[in-house]
Amino acid sequence: AQSVTQLDSQVPVFEEAPVELRCNYSSSVSVYLFWYVQYPNQGLQLLLKYLSGSTLVESINGFEAEFNKSQTSFHLRKPSVHISDTAEYFCAVSEPSEGSQGNLIFGKGTKLSVKP
Amino acid sequence: EPEVTQTPSHQVTQMGQEVILRCVPISNHLYFYWYRQILGQKVEFLVSFYNNEISEKSEIFDDQFSVERPDGSNFTLKIRSTKLEDSAMYFCASRGTGNYNEQFFGPGTRLTVL
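Protein chains in written order, with the numbering used here: chain A, 14 to 129; chain B, 33 to 146.
The set of hints was computed from the structure by calculation and includes no laboratory data.
A virtual CB, placed ideally from N, CA and C, is assigned to each residue, including glycine.
Honestly, I wouldn't trust all of these hints.
Part of the chain A face toward chain B, derived, beta carbon under 8 Å [as the list claims (entries may be wrong)]:
#1 60
#2 66
#3 83
#4 117
#5 120
#6 129
To list a few chain B residues with every Cβ distance to chain A over 12 Å, as calculated [what the hints assert, rightly or not]:
#7 52
#8 87
#9 88
#10 121
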């Protein structure tokens, strides 16, 4: 069975500092990997995804994540955060098998708090 | 930009009562999902729905739960007899055709069972 572990429940950082939000997964099959972000009082929004190909994927707002198969990780990074990045970040996996409906298995989430 | 909407944003109910949570998926999407998040815990998959029937469900989705697409636009989750442990944030999601396309999530309904 698939599972996702986000080791850090809360990450406080100062504005313009770098940040890394950790995500590890376990699965007996290959997986697709996702990062979703939830801003206060809003729904989950897809930030970036890894399906295949280059192991480094980027979002339009400066976040990137690298798929590391040997370490079964998909950590999210940003070199310089802004106040507006304050949100909760969820790592998720789905199984790319024929017939799968693409159900997502989520981690517990990491609350990123950016301070001025 | 099209979005998934959910109503109500917050529902308070007494234990044992029936609740219906409503979702309007994006209009040309064909796959629909319900997830829930108990406070402080993971977002958990409940059920997926395609072609007017349940395609997958988790062990959480027992006989107390049901889903329906009554009119081609709404997608509802019914809990027949609520329990205290049903208190959670419930998220609806939808996606278009083609595997592994992005799931679009609604803002959620917070269900509080007293």
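Could you work out which earlier hints the structure fails to respect and list their numbers in ascending sequence?
-> 1, 2, 3, 6, 8, 9 and 10
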